[in-house]
Amino acid sequence: MLNPDIAAAVKGAETLLVVEPDVLVRHSISDYLRECGFEVIEAMNASEALAVLQEPTFAVDLVLSQVEISGPIDGFGLAHWVRANRPNLPIVLVGSPAMAAEAAGDLCEAGPLLAKPYEPQVLLDRIKRLLAESKRARKPDDE
Amino acid sequence: VENVNGAARYAEGAAPTVLVAEDEVFIRLMMADELMRAGFQVIQCTSADEAWTVLQSSLDVGLVLTDIRMAGSMDGLELAIRIRSNWPHIKIVIASSEMPRLPIGDAFLSKPFFPQDLVACVEQLLARRNAKP
Chain A
1 MLNPDIAAAV KGAETLLVVE PDVLVRHSIS DYLRECGFEV IEAMNASEAL AVLQEPTFAV
61 DLVLSQVEIS GPIDGFGLAH WVRANRPNLP IVLVGSPAMA AEAAGDLCEA GPLLAKPYEP
121 QVLLDRIKRL LAESKRARKP DDE
Chain B
1 VENVNGAARY AEGAAPTVLV AEDEVFIRLM MADELMRAGF QVIQCTSADE AWTVLQSSLD
61 VGLVLTDIRM AGSMDGLELA IRIRSNWPHI KIVIASSEMP RLPIGDAFLS KPFFPQDLVA
121 CVEQLLARRN AKP
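So the sequence lines, in the order shown, correspond to chains A and B. 1 is the number of the first residue of the first sequence in the working numbering; add one for each residue after it. 1 is the number of the first residue of the second sequence in the working numbering; add one for each residue after it.
Excised from the complex, chain A in its bound form (with noise of 0.2 Å):
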């Protein structure tokens, strides 16, 4: 049940690509995210990722990626590709304590990682504010 306060907050249907391959995760942040106001293009790995990135169509503001991923990228490869090619889209890593946090460094946003288990609200706040101050260094080339 969406808390309406939040529903409030969130101001147009900004799209979120979340990058997870444990699809009973996935599909519990994607739907508590889209709850909260926002479309979620869900992937399960960072090549899925990486074609939903280069399809026009598909206009991302904000990457949520797990770190730990399946396949010849995983979540630092897909930062490191966010930063090189779409230097003004947010990226939000999640990963487990074990992961060498200090490695993610300046890759992420807003410090290097968010560890799971990691609180909802957290997350949605982190998100929150990644995409005002995201929409506020775009504004400047906008007008």
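In case anyone wonders, no lab produced these hints; they're calculated from the structure. Be careful, since some hints might not be right.
Claimed, not checked - One-sided and incomplete, this derived list gives chain A residues near chain B with beta-carbon spacing under 8 Å:
1. Val23
2. Leu24
3. Val25
4. His27
5. Ile41
6. Glu42
7. Ala43
8. Met44
9. Glu48
10. Ala51
To be verified - Under 7 Å between C-beta atoms, here's a sample of chain B residues computed to sit facing chain A:
11. Ile43
12. Cys45
13. Thr46
14. Glu50
15. Thr53
16. Val54
17. Ser85
C-beta atoms are modelled at their ideal positions from N, C-alpha and C, and glycine is treated no differently.
Put chain B on the given structure of chain A with help from the hints.
Leaving out everything else, chain B in the frame of chain A:
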């Protein structure tokens, strides 16, 4: 219009859940988007193995829409056989560019198909499932 109609079709929290098992990302996104716009809850799976994981969880699935050829330990037909054996009440739609080699499932959608045909097929099967005898 579809969105409005779909949202109004079911009471809040009562929309049937459709599990989509499709390994091609754009086809999966298209199918999920159409079904969500029609008012269904959708669980997106990238393989039959993922679908099997979901089906064994506590999530209540009313219909499974599956491709045939997918990477992993089983294909869509094997998934359909297992569903029939374990949960005969779950409706099954096979969506593929090839005809299934076994007569299994409640419906077959030949790829490529129109989005409205997908929604109509799912609506028809779930209405039949929920209809009182």
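Verification of the supplied hints:
1. This hint holds: valine 23 of chain A has a C-beta 4 Å from the nearest C-beta of chain B, less than the 8 Å allowed.
2. For the restraint placing leucine 24 of chain A at the interface with chain B, the shortest Cβ-Cβ distance is roughly 6 Å, inside the 8 Å limit, so the hint holds.
3. Hint status for valine 25 of chain A: violated, given a least beta-carbon distance of 11 Å to chain B, over 8 Å.
4. A distance limit of 8 Å between C-beta atoms decides the matter here; for histidine 27 of chain A the minimum to chain B is near 5 Å, and the interface restraint holds.
5. Below 8 Å, beta-carbon pairs count as interface contacts, and isoleucine 41 of chain A has one with chain B at about 6 Å; its hint therefore holds.
6. Checking glutamate 42 of chain A against chain B: minimum C-beta separation of about 5 Å stays under 8 Å; hint holds.
7. Checking alanine 43 of chain A against chain B by beta carbon gives a least distance of about 7 Å; that is within 8 Å, so the hint holds.
8. This hint holds: methionine 44 of chain A has a C-beta 4 Å from the nearest C-beta of chain B, less than the 8 Å allowed.
9. A least Cβ separation of about 4 Å between glutamate 48 of chain A and chain B falls short of the 8 Å threshold, and the interface hint therefore holds.
10. For alanine 51 of chain A, the shortest C-beta to C-beta distance to chain B is roughly 6 Å, which falls under 8 Å, so the interface hint holds.
11. The restraint placing isoleucine 43 of chain B at the interface with chain A holds, with a minimum CB-CB distance near 5 Å, inside the 7 Å limit.
12. Among the interface hints, the one on cysteine 45 of chain B holds; its C-beta lies about 6 Å from the nearest C-beta in chain A, closer than the 7 Å criterion.
13. At its closest, the beta carbon of threonine 46 of chain B sits 4 Å from a beta carbon of chain A; the interface hint therefore holds under the 7 Å criterion.
14. Annotation: glutamate 50 of chain B was flagged as interfacial toward chain A, and the flag holds, the nearest CB pair being 4 Å apart, inside 7 Å.
15. Because the smallest distance between the Cβ of threonine 53 of chain B and any Cβ of chain A comes to about 6 Å, under 7 Å, the interface hint for this residue holds.
16. Taken as an interface hint, valine 54 of chain B checks out: its beta carbon lies about 6 Å from the nearest beta carbon of chain A, inside 7 Å.
17. Interface restraint check: serine 85 of chain B against chain A, minimum CB-CB distance 21 Å, threshold 7 Å, status violated.
Hint compliance for this structure: hints 3 and 17 are broken, all remaining hints hold.
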